[in-house]
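Full structure from sequences and hints, please.
Chains A and B, in that order, give the protein sequences.
Our numbering applies: residue 1 is where the first sequence begins, and numbers increase by one.
Our numbering applies: residue 1 is where the second sequence begins, and numbers increase by one.
Any given hint might turn out to be false.
Which copy is meant is left open, so a pair is good if it fits within one copy or across any two.
[Claimed, not checked] Subject to a maximum C-alpha distance of 20 Å in a straight line, what follows is the list of computed SDA-like cross-link-like pairs (lysine to any residue):
no.	residue 1	residue 2
1	Lys204	Glu396
2	Lys62	Glu37
3	Lys109	Arg40
4	Lys121	Val111
5	Lys211	Asp289
6	Lys48	Gly224
7	Lys92	Glu78
8	Lys204	Phe408
Hints were generated in silico from the structure; no laboratory data involved.
Given next are the chains, with one letter for each unit.
There are 2 protein chains.
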Amino acid sequence: MDFNSKLQKYAELAVKTGVNIQPGQTLLVRTPIECAEYVRCVVEEAYKAGAKNVHVEWSDEKCSLIKYLNAPDEAFDEFPRWISDQYLDIAKEGGAFLTIYAQDPDLLKDVDPKRIAAYQKVSGQALKEWRGYTLTNKCRWSIVSIPTVAWATKIFPDVSEQEAMDKLWDLIFKCSRVTDDPIQAWKEHNENLKEKTDFLNSKKFKTLKYKSKITDLVVEMPEGHIWESGSERDVNGIEFNPNMPTEEIFCLPHKYGVNGTLASTKPLVYGGNVINDFVLKFEKGRIVDFSAKEGEETLRHLIETDEGSHYLGEIALVPYSSPISDTNTVFYNTLYDENASCHFAIGSAYSSCIENGNDIAAEDFDKYGINDSLTHVDFMVGSSDLDIVGITHDGEEIQIFKDGNWAF
Amino acid sequence: MDFNSKLQKYAELAVKTGVNIQPGQTLLVRTPIECAEYVRCVVEEAYKAGAKNVHVEWSDEKCSLIKYLNAPDEAFDEFPRWISDQYLDIAKEGGAFLTIYAQDPDLLKDVDPKRIAAYQKVSGQALKEWRGYTLTNKCRWSIVSIPTVAWATKIFPDVSEQEAMDKLWDLIFKCSRVTDDPIQAWKEHNENLKEKTDFLNSKKFKTLKYKSKITDLVVEMPEGHIWESGSERDVNGIEFNPNMPTEEIFCLPHKYGVNGTLASTKPLVYGGNVINDFVLKFEKGRIVDFSAKEGEETLRHLIETDEGSHYLGEIALVPYSSPISDTNTVFYNTLYDENASCHFAIGSAYSSCIENGNDIAAEDFDKYGINDSLTHVDFMVGSSDLDIVGITHDGEEIQIFKDGNWAF
Chain A
1 MDFNSKLQKY AELAVKTGVN IQPGQTLLVR TPIECAEYVR CVVEEAYKAG
51 AKNVHVEWSD EKCSLIKYLN APDEAFDEFP RWISDQYLDI AKEGGAFLTI
101 YAQDPDLLKD VDPKRIAAYQ KVSGQALKEW RGYTLTNKCR WSIVSIPTVA
151 WATKIFPDVS EQEAMDKLWD LIFKCSRVTD DPIQAWKEHN ENLKEKTDFL
201 NSKKFKTLKY KSKITDLVVE MPEGHIWESG SERDVNGIEF NPNMPTEEIF
251 CLPHKYGVNG TLASTKPLVY GGNVINDFVL KFEKGRIVDF SAKEGEETLR
301 HLIETDEGSH YLGEIALVPY SSPISDTNTV FYNTLYDENA SCHFAIGSAY
351 SSCIENGNDI AAEDFDKYGI NDSLTHVDFM VGSSDLDIVG ITHDGEEIQI
401 FKDGNWAF
Chain B
1 MDFNSKLQKY AELAVKTGVN IQPGQTLLVR TPIECAEYVR CVVEEAYKAG
51 AKNVHVEWSD EKCSLIKYLN APDEAFDEFP RWISDQYLDI AKEGGAFLTI
101 YAQDPDLLKD VDPKRIAAYQ KVSGQALKEW RGYTLTNKCR WSIVSIPTVA
151 WATKIFPDVS EQEAMDKLWD LIFKCSRVTD DPIQAWKEHN ENLKEKTDFL
201 NSKKFKTLKY KSKITDLVVE MPEGHIWESG SERDVNGIEF NPNMPTEEIF
251 CLPHKYGVNG TLASTKPLVY GGNVINDFVL KFEKGRIVDF SAKEGEETLR
301 HLIETDEGSH YLGEIALVPY SSPISDTNTV FYNTLYDENA SCHFAIGSAY
351 SSCIENGNDI AAEDFDKYGI NDSLTHVDFM VGSSDLDIVG ITHDGEEIQI
401 FKDGNWAF
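In structure tokens form, the structure reads like this:
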């Protein structure tokens, strides 16, 4: 298959299997300007699938960097109302959201972290209502990634720009199952994930114990928790795949039930900076201590976003041997790295991961052990020596992971 | 000077001489994604000049075309509220607007003109309140052009894409006075234009008579009319240049005082289509008949936008010999072609071209002979045989143009 055919198939996949556009629906595509070629395929596929209207919100990270380096402080304390209105208007009228995620991992490395933290906070506040729609599947959304020169050359620094782009395209097509019939490949993949998910749900675990050379953590699971994976259903029952690729089976930990030490195993790119080799210490769910060999200041700003960012909102299981991790590539891109590794997220929980969770009012979240925050940032903890044991309410111990891979 | 230095100077010119950014001000840049390199220079220069915040609204005409060809009819009956809110919010808080105008002149040639007309109308209605700010200089705004491949190859179809781009860049730098000191060059240019403008204003003409082989038109000028040119001042007295380049001295005709026949002399690109060789017949200001050798259907939709688009809103004098027309190039771009030729505009008038005009309520426009419309579209009528005679209220006849050029 030539490149253009793959690109078109990848666009069709995002439209049909990703956000699953329905006739008459509106789609918002959020994308860097460098991904225009792919976006044009997406727009075409969305109209072919019957979309009423496709809006594209373009961005340019070079302009963002110019702003971070040159604007006055006040610029980072405001978030334009029209952007949050755009998202909310589209969400309220039943629209879908496709995000093209393609960051330069080192973009903001020379920027004052205070500026980045201020803007993360103000944008988190401004977009909180809209994120409520995605967190509770009140709208369908999906994230895919496209190579950009800055990102590709970060992964492959020793080859030419063109070669780095080609290599990254190959990996993305491979990990995203862009085959002759990607839609069928994803159907089978979703079914495979569901089998393991059903097993986990059947056990109704009380706690999960994580153990490796660098991690020693006990995670209490809330009552009525639901493991999810692959495709999800929106509140109207329409299937969609929020992440492409996806290899994870995820749930929420009890906000106040996490204790012990948790160490990262892959770099985390947050706010245009790399955080690497970090350790978090938990007591009753709260991060009470942390350190990082690289990017500690950025990590501090992340944890101090608000009260909720001192707690975890997601627990996710990914085997050490999986299509993405088998590429032996550090992607410096959470969408890819999180699907190559067991991970957690700092910040808000998906309330769809608890029985009738989408009907629980935010003020009652605490009672159910659901964390709430302006932020939600995944970080990777999987390793080849990670063991995970689940303990049921009857005290039965079940080996879930052995040496980094599924034990059952 | 190398290309990058010129680009940076051109950006500085747009920021300082164009919109004249003041410390603490917000700037919105509206631009095609292809112009990113220039836009990044603009963003940098705007922050250097003290801007508080620079927002960029990117667009992609290839996505627009995909929409025009594939979306259902309903998509052209709606205009997103968040876009008009964006403009209005920025205008109300005193922000400035820089538009990068770089259309593919043939973009929509295969599109049903009804779709284009429907969308022009709905966007005209949605943006009417914001356009009120620019038409009355309640905010500062400027338009510049940047080469794109589609535009450059339309002008220079017989050379390679790269050569066409290079040639168009050269013309744009030349016509926009991008010299060692463009800001000083523009100061002098504005002063030169003011001399002629002052002469025209001193005469307080009652009528202007246009005569060439193909045009025979009498234009009544409203009482208290003011000719303007080059730089203008916003309502706070801050200077700006709305068009770069600019060679025109313009005013408004009396809405009901235009009689005779007016023929175009350059192609007009409207809504992604070319209209060429067209003739308009006026009675008491109203277009009562029209024909076009090319794009007549597009012309019909333009004229039928609303009642006001049956009348003229602008009269502008540009000598046949001027820096832009001396390039002997048809630009298929109104910003350039209108500044190479005497022209008029169909649609709304700039009420700043009448004494205390910005204080006149829209419902009183008719009384003063000010036209109002959802649209404002310039079209070119200058030629080497055009004579224009002005007649004062005392009956004095003054030759304004002789054989296409200034007669005084």
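So, going through the hints one by one against the coordinates:
no.: 1; hint: Lys204 <-> Glu396; result: within (11 Å within a copy, 98 Å between copies)
no.: 2; hint: Lys62 <-> Glu37; result: both (19 Å within a copy, 10 Å between copies)
no.: 3; hint: Lys109 <-> Arg40; result: between (31 Å within a copy, 19 Å between copies)
no.: 4; hint: Lys121 <-> Val111; result: within (16 Å within a copy, 44 Å between copies)
no.: 5; hint: Lys211 <-> Asp289; result: within (19 Å within a copy, 85 Å between copies)
no.: 6; hint: Lys48 <-> Gly224; result: neither (40 Å within a copy, 56 Å between copies)
no.: 7; hint: Lys92 <-> Glu78; result: between (24 Å within a copy, 16 Å between copies)
no.: 8; hint: Lys204 <-> Phe408; result: within (16 Å within a copy, 93 Å between copies)
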